[in-house]
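From first to last, the protein sequence lines stand for chains A and B. When we follow full-length UniProt numbering, the leftmost residue of the first sequence carries the number 1, and every step to the right adds one. When we follow full-length UniProt numbering, the leftmost residue of the second sequence carries the number 1, and every step to the right adds one.
Some hints could be false.
A pair counts as met if it fits within one copy or between any two copies, since identical chains are not told apart.
[Unchecked claim] Capping the alpha-carbon separation at 25 Å, the derived lysine to any residue pairs in SDA-like fashion look like this:
1) 188 / 38
2) 188 / 90
3) 191 / 79
4) 320 / 223
Because the hints were derived from the structure by calculation, they are not lab data. Computed from a prediction, not measured in an experiment: that's the story for all the values here.
The residues making up each chain are set out below.
Number of protein chains: 2
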Amino acid sequence: MLRKDRIGAREVAEHAGCSVSAVSLVVNGKDSGRISAELRERVLAAVTELDYRPNRSARSLVTGDSGTICVVLPDPANPFFGDVLAGLGAAIGDGHTLALVLPTSGTDYDQRTVLRAYSLDSAGVVLISPGEPVLRGLVPRCPTIVVDGPGRTPALPRVDLDTVAAGELISDHLTGLGHRGFGYIGPKSDKPTFRTRRSAFLDRVAGADVVRTLDLPDWDPLAAAVTTAAVLPGWLDSGVTAVVCADDLLGYGVLTALDRLGRTGIAVVGMGDLPFSQLCRPALTSIDFGGRRAGESAGRSLLSWIDTGERPRRVRVPAKLIVRASSEKG
Amino acid sequence: MLRKDRIGAREVAEHAGCSVSAVSLVVNGKDSGRISAELRERVLAAVTELDYRPNRSARSLVTGDSGTICVVLPDPANPFFGDVLAGLGAAIGDGHTLALVLPTSGTDYDQRTVLRAYSLDSAGVVLISPGEPVLRGLVPRCPTIVVDGPGRTPALPRVDLDTVAAGELISDHLTGLGHRGFGYIGPKSDKPTFRTRRSAFLDRVAGADVVRTLDLPDWDPLAAAVTTAAVLPGWLDSGVTAVVCADDLLGYGVLTALDRLGRTGIAVVGMGDLPFSQLCRPALTSIDFGGRRAGESAGRSLLSWIDTGERPRRVRVPAKLIVRASSEKG
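Bound-form chain A, shown alone:
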């Protein structure tokens, strides 16, 4: 085998019997529709055989590929973040490496996780739903965008979810249906996104006959169902007829609890519009925060910032109420 430090795109091209630009297209993921599958296979075989490792700065000069874009988010198992990632991927395209830096312990990330993302020599970083301590004193080391961030993130451009509109849309919908007794279930969390979801809804129903709240220690919908089942009978006796949840996962737990109690006619509304909200029975009324659109917007802003050096503006993605059977008149 040749010495690794002598291997360049030219050597790969010679080995594969093709042009340097064909190698460049394949290595940078821009070959789709431009070269044949057979040539692509030959280039990949040559890359592997010669152990060719494209040099990032050389790549950048030749192809405009700006390297790795790192994403940090709290919980890869929550489908909402899958939507945001899909939007980011679509906007960023195949010319960059998209890497998700995961917290290796616990269900949320801290500032060390962000420092690790920077240490991967990233061209850009996207921080999704960070807690306030993550951003406190953080000095960005490359273009960095916050999606669903706290109320104040002075140094960084943001893509916001409209968590205030979420609370208002839900309260208006339920009040319009005649409900006067409300329960609110959310996670025990300091995250600004959950504080706002809660306060926007509770402020709006402050004059209602009955308002009850429950803070859950975790996200597990089955645990939510069990805890909720314990408090629901008291809530219903006191006049609660509509239960609002900070996340659809918790909403599924409430639907299960109501089912086990044999109670019907209670309205349930979630937030986040996860895929199963269409499939569960009754289908769950929810807020579509536009996770995919938020991801696309963050991806586009980040690319433009990397390319032009110009800080992008703040963006707010509108929220929509999706009314389903769980909040129809029972």
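Chain B: place on chain A using the hints.
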């Protein structure tokens, strides 16, 4: 600000007024329970202020931190992979950076995505559910483990899901309940994991009265419900009384289709035991492939390989059948 190339752990320690070992603990995520929250904040502030970027090889010498472990998987939105990631994170611990390299287009990855993972200077790589073309001719550039891989992956250690046992457990369960007419629904996919799920079940019920199959073009449970709703009446008329799905997501679609058709008493079984299988009604009988255990096993094997240089053995994670209401006698 000092010149970046002069900044080491010593300078950070001086700035924060603490020991070099305290800096090392924080930077390597090993401070939990060993130093105060206040000291940790001070170290992080100094790291940020001085723009300290720990040198990986220096870190490795001092702390044993071997850097980044890269994971590549097809679809971050599928909750099964969330389980595998949680297991990997638990086994790998907070001393490494765990990074997920995502395909930026489409819903699966190819060999380029893997080459990108290698180009991040990884200490180890985990490839989850790769298709055969991903591994063809691939030369691993660091310890690399395959989870849920194809039947033959000669060069790489593997953690296997027991997809053969899955088909056998389901056929034995349904046959034991007296079913003699079966439908099988899976994705139109060349992935070995889906070929095996399908063949293991169909081989076992080859002598049944009726066997029908349906290949779906995508994973969307709502699309699955629509397509399934179109074929189900014919299947049921021909004597199908039990429907087996290659994945719980498809199972939710079948439950919805049966509900819309107003049909009861048809057994439905999924594979993967996703969280909602406990919550949907009827709760979905499924195969627990032990995703979390597979992730833990892959993480432990990889760390040991990195540390000792010794290739780990192949591991098979046992599958379990979780019987729920969807396959009880209707």
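Here's how the hints hold up against the structure:
{"no.": "1", "hint": "188 / 38", "verdict": "between (55 Å within a copy, 23 Å between copies)"}
{"no.": "2", "hint": "188 / 90", "verdict": "between (33 Å within a copy, 23 Å between copies)"}
{"no.": "3", "hint": "191 / 79", "verdict": "both (18 Å within a copy, 23 Å between copies)"}
{"no.": "4", "hint": "320 / 223", "verdict": "between (28 Å within a copy, 22 Å between copies)"}
Hint check: no violations occur; every hint is consistent with the structure.
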